[in-house]
Each structure stands twice: as C-alpha cells, then as structure tokens.
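Visitor: For what it's worth, this note's numbering labels the leading residue of the sequence shown as 22, then goes sequentially.
Hints in this document: simulated from the structure, not taken from any laboratory.
Beta carbons: idealized from backbone N, C-alpha and C, even for Gly.
One thing to keep in mind: the hints can contain errors.
[Unchecked claim] Each computed EDC-like pair below joins lysine to aspartate or glutamate, with the alpha-carbon atoms no more than 16 angstroms apart:
#1 Lys206 to Glu182
#2 Lys512 to Glu536
#3 Lys251 to Glu226
[To be verified] Label-pair restraints from in silico Cβ distances:
#4 Glu287 to His338: 18 to 28 angstroms
#5 Val99 to Arg332: 49 to 59 angstroms
#6 His37 to Gln364: 27 to 37 angstroms
#7 Arg382 to Ala537: 38 to 48 angstroms
#8 Asp309 to Glu586: 45 to 55 angstroms
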Amino acid sequence: MVAPKLKMRLGDLLVHEHIISDEQLMQALNSQKSTGRKLGDTLIELGHIQERQLLEFLAQQLDVPFIDISQKRIPAEVATVLAEVQARRLRAIVLEDRGDSVLLGMSDPADLNAFDQLEQLIAPKRIELAVVMESQLFDAFDTIYRRTADIESFASQLEEEYEQSSDFELSTSLIEEGGDATVAKLLQSVFEDAVQMRASDIHIEPDENQLRIRQRIDGVLQENILKESKIAAALVLRLKLMAGLDIAEKRLPQDGRFNLSIKGHEIDVRMSTMPVQHGESVVMRLLDQSAGLLSLDETGMPKHLIERVRRQITRPHGMVLVTGPTGSGKTTTLYAALSELNQASKKIITVEDPVEYRIPRINQVQVNNKIDLDFSAVLRTTLRQDPDIIMVGEMRDQETVEIGMRGALTGHLVLSTLHTNDAITSALRLMDMGAAGFLVASSLRAIIAQRLVRKVCEKCGEDHTPDPQEMLWLTNLAGDDAKNQTYKKGKGCQTCHYTGYKGRIGVFELLELNEAMMSALKKEDTDAFTQAAKANKSFVPLSKSAYDFAAAGVTSVAEVLRIVESVELAE
Numbered sequence: 022m023v024a025p026k027l028k029m030r031l032g033d034l035l036v037h038e039h040i041i042s043d044e045q046l047m048q049a050l051n052s053q054k055s056t057g058r059k060l061g062d063t064l065i066e067l068g069h070i071q072e073r074q075l076l077e078f079l080a081q082q083l084d085v086p087f088i089d090i091s092q093k094r095i096p097a098e099v100a101t102v103l104a105e106v107q108a109r110r111l112r113a114i115v116l117e118d119r120g121d122s123v124l125l126g127m128s129d130p131a132d133l134n135a136f137d138q139l140e141q142l143i144a145p146k147r148i149e150l151a152v153v154m155e156s157q158l159f160d161a162f163d164t165i166y167r168r169t170a171d172i173e174s175f176a177s178q179l180e181e182e183y184e185q186s187s188d189f190e191l192s193t194s195l196i197e198e199g200g201d202a203t204v205a206k207l208l209q210s211v212f213e214d215a216v217q218m219r220a221s222d223i224h225i226e227p228d229e230n231q232l233r234i235r236q237r238i239d240g241v242l243q244e245n246i247l248k249e250s251k252i253a254a255a256l257v258l259r260l261k262l263m264a265g266l267d268i269a270e271k272r273l274p275q276d277g278r279f280n281l282s283i284k285g286h287e288i289d290v291r292m293s294t295m296p297v298q299h300g301e302s303v304v305m306r307l308l309d310q311s312a313g314l315l316s317l318d319e320t321g322m323p324k325h326l327i328e329r330v331r332r333q334i335t336r337p338h339g340m341v342l343v344t345g346p347t348g349s350g351k352t353t354t355l356y357a358a359l360s361e362l363n364q365a366s367k368k369i370i371t372v373e374d375p376v377e378y379r380i381p382r383i384n385q386v387q388v389n390n391k392i393d394l395d396f397s398a399v400l401r402t403t404l405r406q407d408p409d410i411i412m413v414g415e416m417r418d419q420e421t422v423e424i425g426m427r428g429a430l431t432g433h434l435v436l437s438t439l440h441t442n443d444a445i446t447s448a449l450r451l452m453d454m455g456a457a458g459f460l461v462a463s464s465l466r467a468i469i470a471q472r473l474v475r476k477v478c479e480k481c482g483e484d485h486t487p488d489p490q491e492m493l494w495l496t497n498l499a500g501d502d503a504k505n506q507t508y509k510k511g512k513g514c515q516t517c518h519y520t521g522y523k524g525r526i527g528v529f530e531l532l533e534l535n536e537a538m539m540s541a542l543k544k545e546d547t548d549a550f551t552q553a554a555k556a557n558k559s560f561v562p563l564s565k566s567a568y569d570f571a572a573a574g575v576t577s578v579a580e581v582l583r584i585v586e587s588v589e590l591a592e
C-alpha cells in the first residue's frame, strides 16, 4: 500500500477538531524545540491529550484501524517475520499474515520514513496498516521476542560440539580461553530471557532424555524443555566456573554467587547446586541490583500499617520480627526498613546468609559456617561493635535467638526474620526454640507476617462473579459485605503472558505486643497469648488483608483463598 498521509499537520488537525486549543499547541511546539521529541509525544507528556485518544484520532484521519494489541494473541512465528532490532527501532509489529499481505501495527503511522523502511523489509508482501499504542507495543516485544529460539539453537549446536567428549575433555575445553563460546552464548540467552520476563529464579534440571529450564515468574514456575539432555554437564560446569565452585565435586551440594550485566541490569546471581539422579540440578536466584531497594511505601503495605511499623522500627531498643514462608518477601521488607533507618547518626550492622543487597554505610557481615563464622558467633562480636541497630538474617537456633533478645534488652534495636506462617505463632515458635517466656515478653515488641499475592493484570482484568464455594469463604471472612463487592479476574492477554496476573504485592499483618500478651508469655501460657492477640482490636489477620485487596480489585478471589488456605492449614 502507499503510505497514508495526513491532509494537514497533526497539530493543526487537533486544533481544527477542537481536541486541543491553540495555546496548548503553542506550548507543545515550544517544548518540542527544547526536547526534540515528536509533537504527539510532547502533547501526551504535557497532559493535553491521552495516548489512546491521539492514536484513535490518527487512525480515523488516516482511514486505518486502531487495534488494542493487549487483547490480541499474536503468533510468534508471524511477528518474527520482522527482526526484533528492526521492530523496536521502527516501533512496529506484524500482527497477522494474510497471504500476500501482512497486517502491520505502528505506534506512529505518520512516520513516512519508518514506513518506507518497513515496506522494504517485508517485501514482497504488501502492508496493511493499523495503529497501536506504543506502551502495548513494548509489552508485546518482551512477550514475543523471547530468547527461546536462540536457546534451542545454541543447545543443538552445543550438543554437536560435545556429544563425543569425555568429562575431562569437556572440563579442559571449558577452562581454556575461547573453548566455551557456545556455552557462554547459551547461558547469555537464558539470562537475557529471564531478565526480560522479570523472573526471580532460574532452575536447570537434567532428566534422562531432556533438560528442563524453568523460570519463576510472579511466584509461578514456567517451563522450557530442551531435548539436548547431554548438554547439562557443560552448562553446570560453566556455571560452577563463573561462581568459583569446585568443578570436580559432583557428589555434594555447593553454593556460590557471581555478577552479570544483562541489558543494562546489574544482576547478582546466587547459585545452588545439588546432585540428582541424572546429574546436578542448579537453582539461581536473580537479584537486580540496578533496580534499587523498595521503600516501605512501595511494598504494598497500607498507610495506616506503615505508620505503626515506622513507630516500631524507630524505637531505641527491642526486637521486631518479619515472618513468613520462603519466598514471601521477608528480606525485601527488612531491607526497606533498613533503608529508612540508614542515617549518619546510626551504626547499623547486619548478619546475613547471604548478603543480598549491598547498602552504603551499613556494615554487612556474610556468615561462613565453614570457618565457624555462624550467626551466633558474629552476633556476639556485633554487640561489642557499639551498634544502634542490628539486623540478623534469620533466627535459626536457640543461641542466636537468646543473643538477639539480650541485645534487644541492652539498648539495641534488633530486626530479624523467622520461618513461621503468621504473627501469632511466631512468638510461640521462639519459645519452642528454647527461649524463656520472660525473655520473649521483655524483648519482643512487634511481629510482621506477610505473603505475596499476584496482582490482576490491569490490561485484561474484568469483573468476576465468585462461585458458591468461593462466596462461602468470602462471607466467612468479611460477612454479608462480601456479597455486595465487585471482584476482578484477569482473562489473560499479551501483557501478562496470558496468565491473568502481572506483578505481585505484599499482604501483611502486624501484631504489636500489649500487656495482656506479655503477661501470657511470661507465664508461657500459649492459649492465653493466642486469645489476647486475637482480641487486640488493632490486629488484622493476613486473610482479611488479602480480602481487602480483592475487594479493591487489586488481586483475585483465587489468590485470597490461597492465602486463607495456607494460614488455616498451618493453624
């Protein structure tokens, strides 16, 4: 097709149709002179027009369709007719293959130079043009242009290279300079794909006839299966070299870490290996150091709860615990608290295993059990370093608990985590670990319990009517008010990779100890403590906090029930 053209300049057209005023156009033109940005982008940035409104207007003027691609399933084999680098540079995506033509979405259909280049790239097929939103375009790029094809290609090439190699020859080849080019390319593609998909973990799992590479995205594992099972040894060897581990030791688990720079992201990789039936399994936790630490305001904690937490962490002494199962975001919350407390007037020492985020001014100590530098040993020394605030990565044993509590009694604020399911059972767990009731009552000030729930995708979220079983749960949680609420559920779209969820948010409960609870702890009366905690009017349980998110449309009913069931099972 011939590139469509506007009959008038965009700004004049918008003024003519009374969408913007002459004054707004002049303001945008003056701003455009200093920034060099396109007029449409400038108008959107100044708030004179919405992106969707502008693009729908453009589509109407050019007599081409406007397409919401967040709701459209685009086959990867169709979109990849246009190479990723060209698609991103020209802000365009192939939406449909129509035989002798393609339906092409552009975020700026008035860019004639880009259109001419696209015609050459897609020839001999004709272009049928559509207008799409730029924000949706980049979401589609991340979904479609994954590194799956590259991973499969490099895996096949690697198997051919090392199919006849012995373990010794493989090790020698990987250690020699330049001998690991294909392995490096394969791993680079794996890491690039994980960063692009915002994965928190990568699992490499060898099986008898295949190799699984799984990514944990928003708390759920997604799987990619490679038939080249024999390349597993080469991948593990390369990763061990990167992490400085013993490549000759395959019978025992090993832990290590290394750093990578992927697409402008500084990634700290924590790696764990474990011998399994068909080789060694590798799990890598990805920590994006360039993303920065979250503040308490960004954790999802309600404002009224943040105020109470801030009161607790700014007290001169006492112990504050953050609890929850593995992967519930405890460390993120602790670091958010530390970042607020990190002032020149405060001496802060952390004892961690491992140190996850490096923070200036804070003295961070890495536990090393191989040389008997465990939590209790470091904590004893820490108390002699004149700290104001101590953060202990985890309360793992009786000695660590008792030293931490005595530190809280002698003028220090102690922050730590504990692997329990809710706030009430955490105090009881400390006594189970051997701490005396009077010591827990005297030192413990507050317990924060948390979970992570997936957020309903904003692009495809729609009203959801709970089924009778779900409504029964919700009514038990919130009474008859639950029947009058509007709930949301994602139907799945390009933006959320057809899961219905995009991102996660924290759900919290805060238990602040009062006189009744402390009295019960001193007597080591667990029933009285539980009753006093539940009777505390300021205590809102996790399940009710999760319900509030569902009622607000932030998460789904299914996610609320997952929280409710996990807490009830624990109880």
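Visitor: Are the hints correct? Go through all of them and say.
Guide: We went through each hint and held it up to the structure:
1. Lys206 to Glu182: holds, 14 angstroms
2. Lys512 to Glu536: violated, 48 angstroms
3. Lys251 to Glu226: With a Cα-Cα distance of about 12 angstroms, the restraint between Lys251 and Glu226 holds, given a limit of 16 angstroms.
4. Glu287 to His338: 18 to 28 angstroms: violated, 36 angstroms
5. Val99 to Arg332: 49 to 59 angstroms: holds, 56 angstroms
6. His37 to Gln364: 27 to 37 angstroms: violated, 57 angstroms
7. Arg382 to Ala537: 38 to 48 angstroms: The hinted range 38 to 48 angstroms holds for Arg382 and Ala537, with Cβ atoms some 39 angstroms apart.
8. Asp309 to Glu586: 45 to 55 angstroms: Between Asp309 and Glu586, where Cβ atoms are some 31 angstroms apart, the hint is violated.
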